[in-house]
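Protein chains in written order, with my numbering: chain A, 1 to 311; chain B, 312 to 913.
These are calculated hints, taken from the structure and not from any lab test. Predicted model only: the values in this text are computed from it and were never measured. Treat the hints with care, as some may be off.
[Claimed, not checked] Dumping the calculated SDA-like pairs for lysine to any residue here, alpha-carbon to alpha-carbon at most 25 Å:
#, chain 1, residue 1, chain 2, residue 2
1, A, K174, B, M724
2, A, K209, A, G194
3, A, K208, A, S169
4, B, K783, A, H184
5, A, K149, B, N729
6, A, K127, B, L572
[As the list claims (entries may be wrong)] A partial selection of chain B residues facing chain A, derived with a Cβ cut-off under 8 Å:
#, residue
7, A478
8, E527
9, D593
10, Q714
11, I839
[Said to hold, decoys possible] Here are the computed distance ranges between Cβ atoms for each label pair:
#, chain 1, residue 1, chain 2, residue 2, range
12, A, D52, B, Y693, 46 to 56 Å
13, A, F13, B, Y467, 51 to 61 Å
14, A, L73, B, S627, 49 to 59 Å
15, B, V507, A, I7, 44 to 54 Å
16, B, L689, A, R192, 21 to 31 Å
17, A, V61, B, V338, 18 to 28 Å
18, B, V507, A, P156, 22 to 32 Å
19, A, I7, B, Y617, 45 to 55 Å
20, A, C16, B, Y467, 42 to 52 Å
21, B, S627, A, D165, 47 to 57 Å
22, B, D840, A, V61, 45 to 55 Å
23, B, V907, A, L73, 37 to 47 Å
24, A, D52, B, D524, 49 to 59 Å
25, B, L773, A, P156, 27 to 37 Å
Built from N, CA and C at the ideal position, the CB exists for glycine as well.
Chain by chain, the residues run as shown.
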Amino acid sequence: MRSDFSIKRIIVFIFCLTCAAGALIGCQRFLMAGENRAELPVIEGAFYVGTDSCVPCHDDVYQQFKKTIHYRLNAAELKGVQRGCETCHGPGSKHLQTKGKAQDIISFSKLPPEQSSQMCLSCHQGKPTMDWRANVHMNNGVGCNDCHKSHKITGPKMVYLGDPDLCFSCHQEKKAQAMLPSRHPLREKKMRCGSCHDNHGSENHNLKKQRVNDVCFDCHAELQGPFVFEHAPAVEDCSICHEPHGTVANNLLRQSEPFLCLRCHRGHKQNPKIGGSNPSAGALMTSCAQCHSAVHGSDLPSQVNGGGLTR
Amino acid sequence: MMLFLCLSGAEYAGAQTVDSSSVVQDVTGSVSGGYHHYNPKGNRSKVGEYDVLEPGLDSSFDLTGRSGGNYFNMGGQFFDDKDLNYNLNMDLNRYLRSDFSYTRFQHFLEHDQLTNQDSVQDFNKGDDNKLLIEELKANNTIFIPDLPFLKFNFDYRSYQKRGNCQATTVGKCSQCHVTSRNKRVNTSTNDVVSGVEANFGPATISYSHLLRDFTEHASAPLANYGNGASFFLVKGIAPYSLVPDSRLNVDAVNLRSALPLDSTIYANVQHGRRENRDTGDDVTFNSMAARLSKYFSRFLTCDAFYNTYKLQNKTSGGIDIDTRRGGLDVTMHPLKNSSLTCSYQWEDTNRDNAAWSSTRKNIYRISWSQRLLKKMRLNMYYKKTRVEDPFVMNDQSFTGLVQTSLPQKEDEMYSAVNWSPLYNVTLNTSLRYTNSRSSRYDSDEDRWEYVVSIWYVPYERLTLTGSYTLSKTSVNSFGTLKTYHLTSADSLFKYDDFPYDGRSQAWYFSSTYQLTPRISVTGDVTWIDSIADFDKKINGRNIGSFSDLSIGQVETSLGINYACTRRLTLNARYMYREYDDHETSYFDGKINMISVGARWSF
Numbered sequence: 001m002r003s004d005f006s007i008k009r010i011i012v013f014i015f016c017l018t019c020a021a022g023a024l025i026g027c028q029r030f031l032m033a034g035e036n037r038a039e040l041p042v043i044e045g046a047f048y049v050g051t052d053s054c055v056p057c058h059d060d061v062y063q064q065f066k067k068t069i070h071y072r073l074n075a076a077e078l079k080g081v082q083r084g085c086e087t088c089h090g091p092g093s094k095h096l097q098t099k100g101k102a103q104d105i106i107s108f109s110k111l112p113p114e115q116s117s118q119m120c121l122s123c124h125q126g127k128p129t130m131d132w133r134a135n136v137h138m139n140n141g142v143g144c145n146d147c148h149k150s151h152k153i154t155g156p157k158m159v160y161l162g163d164p165d166l167c168f169s170c171h172q173e174k175k176a177q178a179m180l181p182s183r184h185p186l187r188e189k190k191m192r193c194g195s196c197h198d199n200h201g202s203e204n205h206n207l208k209k210q211r212v213n214d215v216c217f218d219c220h221a222e223l224q225g226p227f228v229f230e231h232a233p234a235v236e237d238c239s240i241c242h243e244p245h246g247t248v249a250n251n252l253l254r255q256s257e258p259f260l261c262l263r264c265h266r267g268h269k270q271n272p273k274i275g276g277s278n279p280s281a282g283a284l285m286t287s288c289a290q291c292h293s294a295v296h297g298s299d300l301p302s303q304v305n306g307g308g309l310t311r
Numbered sequence: 312m313m314l315f316l317c318l319s320g321a322e323y324a325g326a327q328t329v330d331s332s333s334v335v336q337d338v339t340g341s342v343s344g345g346y347h348h349y350n351p352k353g354n355r356s357k358v359g360e361y362d363v364l365e366p367g368l369d370s371s372f373d374l375t376g377r378s379g380g381n382y383f384n385m386g387g388q389f390f391d392d393k394d395l396n397y398n399l400n401m402d403l404n405r406y407l408r409s410d411f412s413y414t415r416f417q418h419f420l421e422h423d424q425l426t427n428q429d430s431v432q433d434f435n436k437g438d439d440n441k442l443l444i445e446e447l448k449a450n451n452t453i454f455i456p457d458l459p460f461l462k463f464n465f466d467y468r469s470y471q472k473r474g475n476c477q478a479t480t481v482g483k484c485s486q487c488h489v490t491s492r493n494k495r496v497n498t499s500t501n502d503v504v505s506g507v508e509a510n511f512g513p514a515t516i517s518y519s520h521l522l523r524d525f526t527e528h529a530s531a532p533l534a535n536y537g538n539g540a541s542f543f544l545v546k547g548i549a550p551y552s553l554v555p556d557s558r559l560n561v562d563a564v565n566l567r568s569a570l571p572l573d574s575t576i577y578a579n580v581q582h583g584r585r586e587n588r589d590t591g592d593d594v595t596f597n598s599m600a601a602r603l604s605k606y607f608s609r610f611l612t613c614d615a616f617y618n619t620y621k622l623q624n625k626t627s628g629g630i631d632i633d634t635r636r637g638g639l640d641v642t643m644h645p646l647k648n649s650s651l652t653c654s655y656q657w658e659d660t661n662r663d664n665a666a667w668s669s670t671r672k673n674i675y676r677i678s679w680s681q682r683l684l685k686k687m688r689l690n691m692y693y694k695k696t697r698v699e700d701p702f703v704m705n706d707q708s709f710t711g712l713v714q715t716s717l718p719q720k721e722d723e724m725y726s727a728v729n730w731s732p733l734y735n736v737t738l739n740t741s742l743r744y745t746n747s748r749s750s751r752y753d754s755d756e757d758r759w760e761y762v763v764s765i766w767y768v769p770y771e772r773l774t775l776t777g778s779y780t781l782s783k784t785s786v787n788s789f790g791t792l793k794t795y796h797l798t799s800a801d802s803l804f805k806y807d808d809f810p811y812d813g814r815s816q817a818w819y820f821s822s823t824y825q826l827t828p829r830i831s832v833t834g835d836v837t838w839i840d841s842i843a844d845f846d847k848k849i850n851g852r853n854i855g856s857f858s859d860l861s862i863g864q865v866e867t868s869l870g871i872n873y874a875c876t877r878r879l880t881l882n883a884r885y886m887y888r889e890y891d892d893h894e895t896s897y898f899d900g901k902i903n904m905i906s907v908g909a910r911w912s913f
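Okay, chain A solo, but in the shape it has when bound (with noise of 0.2 Å):
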């Protein structure tokens, strides 16, 4: 029996060794995971030479990168690999030899956004880029390089026009669209197109919340209830009713009044047994809101029903 007990606690043992063994190793190689990726550029046969070397021909460069936040990076953050030049250029030694030809170094002008971006993405692991694959920009071709200038001393984030003068460069109808006569202060610069977008990715298109609506109460939380007396479409989606870049009818809405509400809702027409003015269709046919005051929802009842936000 005891030479039993002992077999077993060995076989439990080795069991428990062997377990312990494959979890080091795949713990280990989920760790280096990161450090393989297929998608960042190599350079066959190239080592490490240092920033030294980089010097002497992109002076210029370097003076420009020596203010640039990448240069102040401490050797924590950079997990043990602060390389200068190197650390996103790879290894240089080819470089060298050949006298800087282009394709024995990584060249970010030369590699496809997804490409660059992979690389930027190797540090950038955090916030604001955890979720860069659903990013619209990146599926338009659009990489970190053409926003981000690394080597140049710039605004905020190394964004080189600012937002949202760059995001203007591309977008160029919203700017048009941020003249019209009802829109929020862009032109003005007391607001960013990355107040309420997320340019990095984001579940929503790049939208900074998931909801349209959570969006807009960061600025409108007046607006955000929960209201005794809703209006349904602004609990879905405040987009059904208001075109947030900009519009010629009033206060952002997709449309004028009385149109656009009564593409949902049946309208007032004169009664013709009062006949006259009383009421009159400018009073009927102008502005749903100037009766139906609380459009977004109220605590308040109406006078007749409850429910027709009239207060």
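Position chain B against the provided structure of chain A, taking the given hints into account.
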């Protein structure tokens, strides 16, 4: 967890330190000051909606300093005591990073004259309505060297609105009196976000908690609702336009990790609760998002994603929403310098207490990006959306009457070309066309957006830019009218031909001319012409004529810069802006502005 910590810690043990011989130390900055004079004419609520149109002194400064790993940048612009901003960006050797900003501006609000109403009591007729908006933000990140895989975040935001706005109600329903008063606004939104982000090799996990408190400090206006009929719910003097205080709590966890076989996973889980502090009602929402990306080769990448969002409304009769969304994106590079993305997404929404309980949406998208020539880039996409049972409004009085502005079918096409035919010329053009239609709800909507722009440098001293934008919307919709005070089915009139046209054209031209090495002149002109026209004759009367809009906007400016020395620059600018409301002329306004200033850099 301990195993991760040990392994991650060991990885950082070999971290190098900054080479002290190459420490950068410098301070740069600039200071500017000047005077501006405004001469507004007419109504200012539209022409200077976000400006304080008062003459006065203005100033700005910018200061940047670096010393080794320490960095700061501070700046400010003072235009008026109601229009200013300050910012401070600080980095203490990466251990503490702080972004602080403060912005204050004024928003003029229009005052509806209510001239269309027969019986109206406007207690503040002719008054200006304006809000002073203040936003303070402080985002702080703390990094502890002994815990290099952790980052702590503490963010604070305060957003305040103060002033007054117009608030209307049906004061005496029996006589159709619309009552209007200026309502005091004094709201504050305070957000506190605390969070932590941890990095373990290829995996990054973050947790954040948002606490938002919203308070309206001002009281609601009062209106006299009269005695009315016996079944009226409100009588006598009672408040209206009441804004409830509310509170929001959101917990969020994000995970991103590289996986074996060149895959990446991203996941996000959120739980939130929004509470109306006046009534005690609340809404809870739970969401989950996951995205798995697989890199097959340099030529092929696939993404699969799945999201859920569930909103539970505890208010009696409130809408509950349960949305599930999923899809697949495939990105290929079939040719050199090209990118082809094919996407499919489905979305199921189920609602309680709503007219149409479920909606199914299928979205197909194909996009193509190609560098056609060395200096020519083409982007185009086609998006097809098909919706089964879109969200509708249910008419409580007429059973079975449901209407919506949302389409059942939508097709969107976009194409853009960026081309630099010469070293000194760049052309951009884009066209977007969207057709949304619904046979069930009798609506058809076309939208066109066209942009063309040019950047041209004819010779070294002169830079010209110009653009033209056209945005056009044409809608033909179903509509229903009910004879006022009658609720029987006989009083219902249905029309299937409500036409609406919206159009906006914008011309922009600017130039910069370097007159001498020291003197440069800049000028720009913007002209915008917009209409929103709704025409429907009922009983011989065009009911759309009450709300037609036709607006012309012009803005032009001329500026001159004179560089006295390498450090000192003098500048002067003249600006003219006009807002012309062709329909009512009430909001017509003009501004002339002249400013002079000096800037010193060091």
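**Prompt:** Is K174(A) within 25 Å of M724(B), Cα to Cα?
**Reply:** holds (16 Å)
**Message:** The hint says 45 to 55 Å between D840(B) and V61(A); measuring C-beta to C-beta, is that right?
**Reply:** Holds - the Cβ-Cβ distance for D840(B) and V61(A), about 47 Å, lies within 45 to 55 Å.
**Cβ distance range 18 to 28 Å for V61(A) and V338(B), holds or violated** = holds (23 Å)
**Item:** Pairwise hint evaluation, S169(A) against K208(A), where the allowed Cα distance is 25 Å at most
**Value:** holds (21 Å)
**Message:** Hinted pair, alpha-carbon criterion (25 Å max): K149(A), N729(B). Please report holds or violated.
**Reply:** holds (20 Å)
**Message:** Just to be careful, I want the Cα atoms of K127(A) and L572(B) compared with a cutoff of 25 Å; is the pair within it?
**Reply:** holds (24 Å)
**Asked** Regarding V907(B) and L73(A), is the given constraint of 37 to 47 Å on their beta-carbon distance met?
**Response** The hint (37 to 47 Å, Cβ to Cβ) holds, given that V907(B) and L73(A) are roughly 43 Å apart.
**Item:** Distance restraint evaluation - V507(B), P156(A), Cβ atoms, bounds 22 to 32 Å
**Value:** holds (23 Å)
**Item:** Y467(B) and C16(A) - C-beta distance against the hinted 42 to 52 Å
**Value:** Since C16(A) and Y467(B) have Cβ atoms about 49 Å apart, the given range 42 to 52 Å holds.
**Asked** Does the Cβ distance between D52(A) and Y693(B) fall inside 46 to 56 Å?
**Response** holds (52 Å)
**Request:** Using the beta carbons of D52(A) and D524(B), state whether their distance is inside 49 to 59 Å or not.
**Result:** holds (54 Å)
**Request:** With 27 to 37 Å as the target window, see if L773(B) and P156(A) comply at their CB atoms.
**Result:** holds (31 Å)
Checked against the numbered hints given earlier, the structure satisfies every one of them.
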